Amino acid sequence: MPDILWFIIRRLLATVLVMLALSLAVYLIFYAIPADPAHLACGKPCTPDRLEQARHFMQLDQSTIQQYLNFLKGIFAGRTFGEGAAAVHCNAPCFGYSFPLARPVTTLILDRLPVTASIAVGAAVLWLIIGVSLGVVAALNRGRPLDRLAVGVALIGVSTPSFLLGLLAILVFGFWLNMVPVNGYVPFSESPVDWAWHLVTPWLVLAVLQAASYIRLTRAQMLEELNLDHITTARAKGAGEARVVVTHGLRGALVPIVTLFGLDLGGLLGGAILTEKVFSMQGLGELLISAVGQLDVAVVVGVTLFSAFLIIVANLVVDIVHGALDPRVSHG
Amino acid sequence: MAEPVLEVHDLRVTFDTEGGLVPAVDGIDFSVAAGQTLAIVGESGSGKSVSSAAVMGILPSNAEVKGEVLLDGRELVGLPSDELRKIRGNDIALVFQDALSALNPYYTVGWQVAEAYRLHHDVSKKAAFQRAIELLDKVGIPDAARRAKSYPHEFSGGMRQRVVIAMALVNDPRVLIADEPTTALDVTVQAQIMQLLADVQEEFGTALVLISHDLGVVAEVADDVLVMYAGRAAERGTVRDLFHRAAHPYSLGLLGAMPRIDVPPRPRLTTIPGSPPSPGSIKTGCPFQPRCAYTERVGERCITERPELTPRPGEGDHEAACHLGRRPEAVV
Ligand SMILES: Nc1ncnc2c1ncn2[C@@H]1O[C@H](COP(=O)(O)OP(=O)(O)O)[C@@H](O)[C@H]1O
Ligand code: SF4
Ligand SMILES: [Mg+2]
Chain A
1 MPDILWFIIR RLLATVLVML ALSLAVYLIF YAIPADPAHL ACGKPCTPDR
51 LEQARHFMQL DQSTIQQYLN FLKGIFAGRT FGEGAAAVHC NAPCFGYSFP
101 LARPVTTLIL DRLPVTASIA VGAAVLWLII GVSLGVVAAL NRGRPLDRLA
151 VGVALIGVST PSFLLGLLAI LVFGFWLNMV PVNGYVPFSE SPVDWAWHLV
201 TPWLVLAVLQ AASYIRLTRA QMLEELNLDH ITTARAKGAG EARVVVTHGL
251 RGALVPIVTL FGLDLGGLLG GAILTEKVFS MQGLGELLIS AVGQLDVAVV
301 VGVTLFSAFL IIVANLVVDI VHGALDPRVS HG
Chain B
1001 MAEPVLEVHD LRVTFDTEGG LVPAVDGIDF SVAAGQTLAI VGESGSGKSV
1051 SSAAVMGILP SNAEVKGEVL LDGRELVGLP SDELRKIRGN DIALVFQDAL
1101 SALNPYYTVG WQVAEAYRLH HDVSKKAAFQ RAIELLDKVG IPDAARRAKS
1151 YPHEFSGGMR QRVVIAMALV NDPRVLIADE PTTALDVTVQ AQIMQLLADV
1201 QEEFGTALVL ISHDLGVVAE VADDVLVMYA GRAAERGTVR DLFHRAAHPY
1251 SLGLLGAMPR IDVPPRPRLT TIPGSPPSPG SIKTGCPFQP RCAYTERVGE
1301 RCITERPELT PRPGEGDHEA ACHLGRRPEA VV
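One line per chain: the protein sequences are A and B, in this order.
Sequence positions in the first sequence follow the working numbering and run 1 to 332.
Sequence positions in the second sequence follow the working numbering and run 1001 to 1332.
Isolated chain B (complex conformation):
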């Protein structure tokens, strides 16, 4: 496997809030190599966005980040802020979920893309604007030279997301983190945006971290998958490990919840009952235990002992955090 561009080890994020400490991310590891796609999946609140913000170093000041974030082997956690600023948007760029709120309503889209360029290149405003037009054109905005002078509210949702992608790509980043980039869009536009990301990745060899809860998309584009639950990794492996050899009851639940057209409908729809715990509320045992259909087969251990990631059969580094040793059969 190629050298990873981005490596994250034992990342922990704790928020200091009025209600006490909130361990939103509780020790996760992942890595992604050039031209590869890592998908992070999990229900909302599982710590996906917080993890990506931690990698970018853009968490609010009440967040404490521990662990390692390595970009080409260089440690980013604890770097002075002006050093980090040179990396943000330049080597690692972020594509947000909601393009309308991610863009500043008071500036033209061309200005905003050009600003991202000027922040990392010593060029004239005019040259930066030219570069912005070039990028807007590249991400498929028709009549880019004219549209660059329009404001975000004058674009459709899909076009706005293209603008956000252009802004993220303007400095040829090594790593692109896309946090649910298509959630706010309708289905046909979703497919177009995913195609755009795939094209960009192929052209520039960008390492892509795709945060998504659309397993259909993940199956199509990801090389590796990290399944997060309550701020921790439930399972990780290659996309084939996850879709053919899922070892964690939570992953199985997600797969069951995924609408599939390639297999006949199951006798019973397996959505996951219940809702995820708030971060830190489950102190001992398995955080998925209250919702787990398999816990009875394991017994006490699920309540008393926290399962750590352990190797599972599969390609390479397939791991799951569950006391069930073998791949569980579907509970019918």
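Excised from the complex, chain A in its bound form:
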């Protein structure tokens, strides 16, 4: 057990270093953009005086490195812009302040996260179930019509753009059949039923598209697993087919499936940009896109870093789970 603890500690330290390097890179890239946030804040007409004032207030008059250090300090100690009654506070952990939205980036992210998380987690559960079960069915019926069907569905799935399927779903189920709401998000705490009802179409759309790669992966893994000698052992012991396939076959296929799942979910939690756009849901993806439109650099940097952080965390979790799932790794 201490082995795995050391492994986690080492990985966490590495994660901190990677995040530092990444944040510097993201910061430099976005602050190199010629657009001047102060210019937007100062309004029209913008006198040089007011521009200078705005620059000073937003702490943009300092050197880029100093700004980056301010940013880092803000994460741990918070930041205050301006002085006296006009001062704006951004409490730790402060990942920047959006002057156009007049909110700390941290608050913005936390406000939007439940929307994106609801979309992502629900869709992920669905696509995992659909993808893995179809993949298993395909493998068990290799070369037969059911297999061809599943492989065909997977092919359509990977080659269909999500906005197209999303719009089609809205058109058919929303407008023609009038079965489901076509946009908007209702918080779970307000009404779990409405929450699910509004999410069911985006869930299905994302699930159908994502399931494709899970069908392919599961099918390939299962074909490999079911050929192994220990599968014959299970049969020779007197295990029934269901037990042979699930307990012995699928168990071996689990590691790559879980790996893909973790990385996909981590990526999607950072914002399902197209899906949020198509279904008019105010998630992280939508936050990022509108921030880009308004040159709200603080938000762009914050959301980008947050998405990157999620992917790094997903990698870490996947590695830990891999160790837990494969005794040959953890009991080296």
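No lab work stands behind these hints, which were simulated from the structure alone.
Hints are not guaranteed to be accurate.
Unchecked claim - Computed cross-link-like contacts, EDC-like style, restricted to lysine to aspartate or glutamate with a CA-CA straight-line distance of at most 20 angstroms:
{"#": "1", "chain 1": "B", "residue 1": "LYS1066", "chain 2": "B", "residue 2": "GLU1083"}
{"#": "2", "chain 1": "B", "residue 1": "LYS1283", "chain 2": "B", "residue 2": "GLU1007"}
{"#": "3", "chain 1": "B", "residue 1": "LYS1138", "chain 2": "B", "residue 2": "GLU1202"}
{"#": "4", "chain 1": "B", "residue 1": "LYS1086", "chain 2": "A", "residue 2": "GLU241"}
{"#": "5", "chain 1": "B", "residue 1": "LYS1066", "chain 2": "B", "residue 2": "GLU1305"}
{"#": "6", "chain 1": "B", "residue 1": "LYS1138", "chain 2": "B", "residue 2": "GLU1203"}
{"#": "7", "chain 1": "B", "residue 1": "LYS1149", "chain 2": "A", "residue 2": "GLU241"}
{"#": "8", "chain 1": "B", "residue 1": "LYS1149", "chain 2": "A", "residue 2": "ASP3"}
{"#": "9", "chain 1": "B", "residue 1": "LYS1086", "chain 2": "B", "residue 2": "GLU1007"}
Unchecked claim - Footprint (simulated), chain B over chain A, 3 or more residues, beta carbon under 8 angstroms:
{"#": "10", "segment": "188 to 194"}
{"#": "11", "segment": "246 to 258"}
Treat the numbers as computed from the prediction; the structure is a model and nothing was measured.
Every residue gets a Cβ at the ideal spot worked out from N, C-alpha and C, and that includes glycine.
For this one, chain A is given, so just place chain B with the ligands on it according to the hints.
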């Protein structure tokens, strides 16, 4: 002679492959009684493993099995799969050649032995695990209670083979089929495993079918021997029939290829030149003809007429499938 526990009559296995029908086993007969050992020998590819898998009913779905497999007089061929499942691993158990690949890498050895028990006994997981520890102890795994919680890769090759044997024995099977159980092991460990099988057989009166190409081992432990060549029986008889009165040129070839320490080296080493035919490729005549040193003494018949098993002098049912009527003298 005692009543046979397992009787096989005219067993035929044909694989339906892309390259056509492959008659891997082409009509073999054997039987084995409680406490007795039948050895099946022959070069690799002669159909030994396929025969044992056919008896277990664990061949892939592209295999067609014909003939009779009788367990205590009860026909197993054509039995519904859930009936067969109750017999597999319970009345007839299999020990595989390569213990590493035969064991599932994702479960502890104790779990795997316990699973074999639970599949045939309605007991709690805990009781089954206790039973597994008991068996692991019996097959000579030191500190079995602790080692039961280890994974296959944490054992040496010999210890792993003991685990596989424990798994096969956990339900006190009437018949144990060991398919080259020591091939993957080094010599001292081979001797230990053979001793273990002999001890088990003595204690439980198990009927043992030992597949081997180590004639030294066969001479030591077998009561009866079946020599297979290209999916057919070349010769069968008691162990003394085979070692003192071998009647088939192929058996003589195998005996010549066997390193012996009890007799002075022969003037010339008699290995069998050439390699066995692929199943079904020789349609008429004797399948051993292309490699046979005696075919000239017989002539045309070896090419035109397939030799059937016919009685030979010896103890009981000594038979060989060769047109040479009498015991051939060694060709020098
Ligand atoms: N699943 C299969 N499909 C087609 N041919 C097979 C299959 N399994 C075994 N065979 C063929 O059957 C023959 C006998 O194989 P096997 O019983 O494994 O030989 P051995 O005597 O070495 O155990 C071989 O020629 C092999 O190619
Ligand atoms: S039948 Fe002929 S070819 Fe076949 S083993 Fe006998 S002598 Fe050799
Ligand atoms: Mg074999």
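Please work out if B:LYS1138 and B:GLU1203 have their alpha carbons no farther apart than 20 angstroms. holds (11 angstroms)
Closer than 8 angstroms, Cβ to Cβ, for at least three residues: run that test on the segment 188 to 194 of chain A against chain B and report holds or violated. violated (count 0)
What's the verdict on B:LYS1283 and B:GLU1007, does the C-alpha distance respect the 20 angstroms limit or exceed it? violated (27 angstroms)
Is the Cα-Cα distance between B:LYS1086 and B:GLU1007 20 angstroms or less? With a Cα-Cα distance of about 19 angstroms, the restraint between B:LYS1086 and B:GLU1007 holds, given a limit of 20 angstroms.
Examine the segment 246 to 258 of chain A: at least three residues should have C-beta closer than 8 angstroms to a C-beta of chain B. holds (count 3)
Hint consistency between B:LYS1086 and A:GLU241 [alpha-carbon to alpha-carbon, up to 20 angstroms]: holds (13 angstroms)
Checking one constraint from the list: CA of B:LYS1066 to CA of B:GLU1083, max 20 angstroms. Satisfied? Holds, at roughly 18 angstroms.
Straight-line alpha-carbon gap B:LYS1138 to B:GLU1202, limit 20 angstroms: Given pair B:LYS1138, B:GLU1202 holds - Cα atoms ~14 angstroms apart, limit 20 angstroms.
Does A:GLU241 sit within 20 angstroms of B:LYS1149, going by the straight-line distance between their CA atoms? violated (26 angstroms)
Decide if the proposed pair is consistent with the structure: B:LYS1149 and A:ASP3, CA atoms, cutoff 20 angstroms inclusive. holds (18 angstroms)
Would you check the hint for B:LYS1066 and B:GLU1305, treating anything up to 20 angstroms between C-alpha atoms as holding? Answer violated: B:LYS1066 to B:GLU1305 is near 24 angstroms, above 20 angstroms.
Of the numbered hints stated above, those contradicted by the structure are hints 2, 5, 7 and 10, listed in ascending order.
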